[in-house]
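*Asks:* Sequence:
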Amino acid sequence: MERTDAVKHGDGDDLKQFFRLMNKLRSNQTECSDYFARERSSFEELRQRVLKLIEESRELQTRTENLRCGFREIDEKFKSIKKMLYKEFGLQAEKRLQNLEEVAYMNGVITHLQEVDKGLTYRPVYVSDPAEYDDEYQRTSDD
14 MERTDAVKHG
24 DGDDLKQFFR
34 LMNKLRSNQT
44 ECSDYFARER
54 SSFEELRQRV
64 LKLIEESREL
74 QTRTENLRCG
84 FREIDEKFKS
94 IKKMLYKEFG
104 LQAEKRLQNL
114 EEVAYMNGVI
124 THLQEVDKGL
134 TYRPVYVSDP
144 AEYDDEYQRT
154 SDD
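The numbering used here puts the sequence shown at residues 14 to 156.
Since the hints were made in silico from the structure, they are not lab data.
Mixed in with the good hints, there may be bad ones.
Under the rule of at most 20 Å between Cα atoms (straight-line distance), these lysine-lysine pairs were calculated in the PhoX-like manner [unchecked claim]:
#1 Lys108 x Lys95
#2 Lys108 x Lys96
#3 Lys100 x Lys90
Kindly generate the complete structure, drawing on both the sequences and the hints.
*Replies:* Structure (structure tokens):
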């Protein structure tokens, strides 16, 4: 009672100041409420984004694992096809390659002999004794 009496009997400036402070307190309270509401809202947005990113990462992890399995299957199929082709064509291919290598070697020998033949004339030397062979060979090549 005394308080209301003091307010009633007090001067008007105190009352105005009191209402001003109350209004300011209410506006500050509203500002704080708005601020906290905005913060809650932004926090909720961040939370939703994090949850979405977690879900996307799980999906990517699943897809990556599926790709790994797919690549393993492809690799196994490729290896089995490679083995099958080698069984069918590998031996034939190896024989063909060996024949080609032999032909190339023989062509090289023939070319070499042709080059040698251009520079030398072959005359057979018949030797009865191997000791005479060196002497006879030396004499023929010096001619």
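*Asks:* Each hint: holds or not?
*Replies:* Going down the list of hints, with the structure as the test:
This hinted pair checks out: Lys108 and Lys95 have alpha carbons roughly 18 Å apart, not beyond 20 Å. With a C-alpha separation of about 17 Å, the suggested pair Lys108 and Lys96 falls inside the 20 Å cut-off, and the hint holds. Between the alpha carbons of Lys100 and Lys90 the distance comes to roughly 15 Å, so the proposed pair stays at or under 20 Å and holds.
In summary, this structure violates none of the numbered hints.
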